[in-house]
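In order, the protein sequences belong to chains W and P.
Last residue of the first sequence? That's 240 in full-length UniProt numbering, and every number before it is there in order.
Last residue of the second sequence? That's 311 in full-length UniProt numbering, and every number before it is there in order.
Hints are computed from structural coordinates only; laboratory data are not their basis.
Virtual Cβ for every residue (Gly too), placed ideally from N, Cα, C.
A hint or two may mislead.
[Unchecked claim] With the Cβ distance kept under 8 Å, some of the chain W side facing chain P (calculated, not the full set):
no. : residue
1   : Ser6
2   : Asp139
3   : Ala236
[Claimed, not checked] Take a look, some chain P residues computed to stay more than 10 Å from chain W by CB distance:
no. : residue
4   : Arg76
5   : Leu82
6   : Leu104
7   : Gly134
8   : Pro163
9   : Asp164
10  : Ser281
11  : Arg297
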Amino acid sequence: MLAVLSVEICKLNRSLALLLAGAAPALIAIFAFAMMMRSQRPSEWSMWIGSGTAIWAYFMMPMCVTALTALVAHMEHAPRSWDHLRALSVPRWTLYASKAVCVIGLVLIMSAAMLAMTIGAVVLGGLIKPETAAAGRLDLAGHAWTLAKVAAAAILMIAIQFWTAIRFASFVPGLVLGIGGAFFAVVATSAKQGVFMPWQMPVNILATEAWRVQTALTLGGGLGLVVLAAAVIHLARREG
Amino acid sequence: MAAIETEGLTRVFGRRRVVDGVSMSAPDRAVYGFLGRNGAGKSTTMKMLIGLLRPTSGVARICGVDVTRDRMRAARRIGALLEAHGFYGHLTGRENLDLSRRLLGLPATEIDRVLAVVDMLRDGGRRVSDYSLGMRQRLGIARAMLGSPPVLLLDEPTNGLDPDGIADMRRFLRELPDRAGATVLLSSHLLGEIEQTASHVGIIHEGRLVVEGELSRLKADLAPEIGLRVDDPDRARAVLRTRDLTLSKDAEGLVARLRPGDDHDQVSAALNRDLIAAGVSVFAIGPRARSLESIYRAASTPIPSRHPETV
Chain W
1 MLAVLSVEIC
11 KLNRSLALLL
21 AGAAPALIAI
31 FAFAMMMRSQ
41 RPSEWSMWIG
51 SGTAIWAYFM
61 MPMCVTALTA
71 LVAHMEHAPR
81 SWDHLRALSV
91 PRWTLYASKA
101 VCVIGLVLIM
111 SAAMLAMTIG
121 AVVLGGLIKP
131 ETAAAGRLDL
141 AGHAWTLAKV
151 AAAAILMIAI
161 QFWTAIRFAS
171 FVPGLVLGIG
181 GAFFAVVATS
191 AKQGVFMPWQ
201 MPVNILATEA
211 WRVQTALTLG
221 GGLGLVVLAA
231 AVIHLARREG
Chain P
1 MAAIETEGLT
11 RVFGRRRVVD
21 GVSMSAPDRA
31 VYGFLGRNGA
41 GKSTTMKMLI
51 GLLRPTSGVA
61 RICGVDVTRD
71 RMRAARRIGA
81 LLEAHGFYGH
91 LTGRENLDLS
101 RRLLGLPATE
111 IDRVLAVVDM
121 LRDGGRRVSD
131 YSLGMRQRLG
141 IARAMLGSPP
151 VLLLDEPTNG
161 LDPDGIADMR
171 RFLRELPDRA
181 GATVLLSSHL
191 LGEIEQTASH
201 VGIIHEGRLV
211 VEGELSRLKA
221 DLAPEIGLRV
231 DDPDRARAVL
241 RTRDLTLSKD
251 AEGLVARLRP
261 GDDHDQVSAA
271 LNRDLIAAGV
281 SVFAIGPRAR
291 SLESIYRAAS
301 TPIPSRHPET
311 V
């Protein structure tokens, strides 16, 4: 499994997926920097990082997962390399499992990058415009923990997007699903039932009601792992 | 033990029997030409040989290992160049090979070894997106040879190559059993390609293996044929009715198929005499070369028209 995983990581070298992994968190950091330049008075660290986390969980992460799963799947769909991979003397489930691990790993790296880049943008903004420099204490561990929970709650969404992207050679089903999911997550933010929708689970980690956080974590993380396992088994067993 | 062997291999898609009871056998170190028109069932058979498709019934064995029962062990004995190469264009040839090498758990020295076999040591550092089709085909063969599997399966290896590339590839394929010490199964719909490279041949038609054997023996077993060009084919037919031969017509004229053992020269002289005596002008008469095309035509002609006019 480790060999297959290392091969998946090597494939990311010079790939569009890696470019996306760097670009998406940078956009949130650039937005934070622009907001600082517009601001007239200082804000708390928690406000800057909290805003970034909210944008990430609410919209950017669902869209990134859609694009990331499509790009990772198309690394094999585009050159039609599945036949070559599936004909090798390698357990087929490891091919899919390592890809899924790679996607989750990239989402975690993007979350960490978003945190690091936003901190960097706020520090840079404070240096350029000292009157808006962030106030208060930066609770790095606390913010990192929140982002880890957001990523955990996103596993169900990742599993569904991953399954669709690998199952269909065309970009379209995965993109329609991802755009549709993100759309309903945005327009139905205040709906109570939203917590049961995979694309809204990450943002529900930031909710004030404890039951929403628990539900998002349990369903998003727990059910997500079950769905991911089902996806790997199904993809490995099917022909072609 | 045959390097590649199938028994009653069958695959049904819906109501369509794409491969129908194929029993084939490729001896060790042979270049086995697997011939058939597009859609005849070649690719489906090959996919079953490498475990990508499960047979509806029947068995496929690679070096004695049942592909369906023990796919992993069979896969270690076979390397494949598939129609779709599956290379990552953003990586170099060497990096592409390295991915497969790592998946197979082979030493790093394997990359140089297989690149040397396909004469691509100097091009290994270039991105695959910059390769010509011929270079991609050779890189695909190099990848199939990783780990020195005793069986190589090459699906249409000259597809899309220019004439020089085809000539190079044919030369390379002929030498492959000696270079790689492997049995090569080569699929193609091009008669000339198989005729010039294969030692053994199997012809698949509408899902069935209709001919199989050593190419030289199959050619030798062909009934001798004499080609005739005359001014009046109908009169010629009437004249030759008394002769013990089978007469048919093709684009080049009349074809007289003799009985096995008949001597070309003596029969040609006799036919010529008879036709001249009957007032039929003979423009050309002579033996037809025994070719793979003759074997293929005989094997793949639809059943109703397989019975030519007999005189």
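Structure-based check of each hint:
The beta carbon of W/Ser6 is positioned within 8 Å of a beta carbon in chain P (closest approach about 7 Å), and the interface hint is therefore held. Hint status for W/Asp139: violated, given a least beta-carbon distance of 40 Å to chain P, over 8 Å. This hint is violated: W/Ala236 has a C-beta 12 Å from the nearest C-beta of chain P, more than the 8 Å allowed. The beta carbon of P/Arg76 sits about 4 Å from the closest Cβ of chain W, which is not more than 10 Å, so the claim that it is off the interface is violated.
Distance check for P/Leu82 against chain W: the nearest CB is about 5 Å away, which does not clear 10 Å, and the non-interface claim fails. The Cβ of P/Leu104 sits about 6 Å from the closest Cβ of chain W, inside the 10 Å cut-off, so the non-interface label is violated. Residue-level check passed: P/Gly134 sits 17 Å from the nearest beta carbon of chain W, beyond 10 Å. Here P/Pro163 stays apart from chain W, with its beta-carbon at least about 26 Å from theirs, past the 10 Å limit.
Residue placement check: P/Asp164 keeps its beta carbon more than 10 Å from all beta carbons of chain W (closest about 25 Å). With a cut of 10 Å on Cβ distances, P/Ser281 stays outside the contact zone with chain W, its closest approach being about 58 Å. The Cβ of P/Arg297 sits about 32 Å from the closest Cβ of chain W, beyond the 10 Å cut-off, so the non-interface label holds.
Of the numbered hints given earlier, the model fails hints 2, 3, 4, 5 and 6; all others are met.
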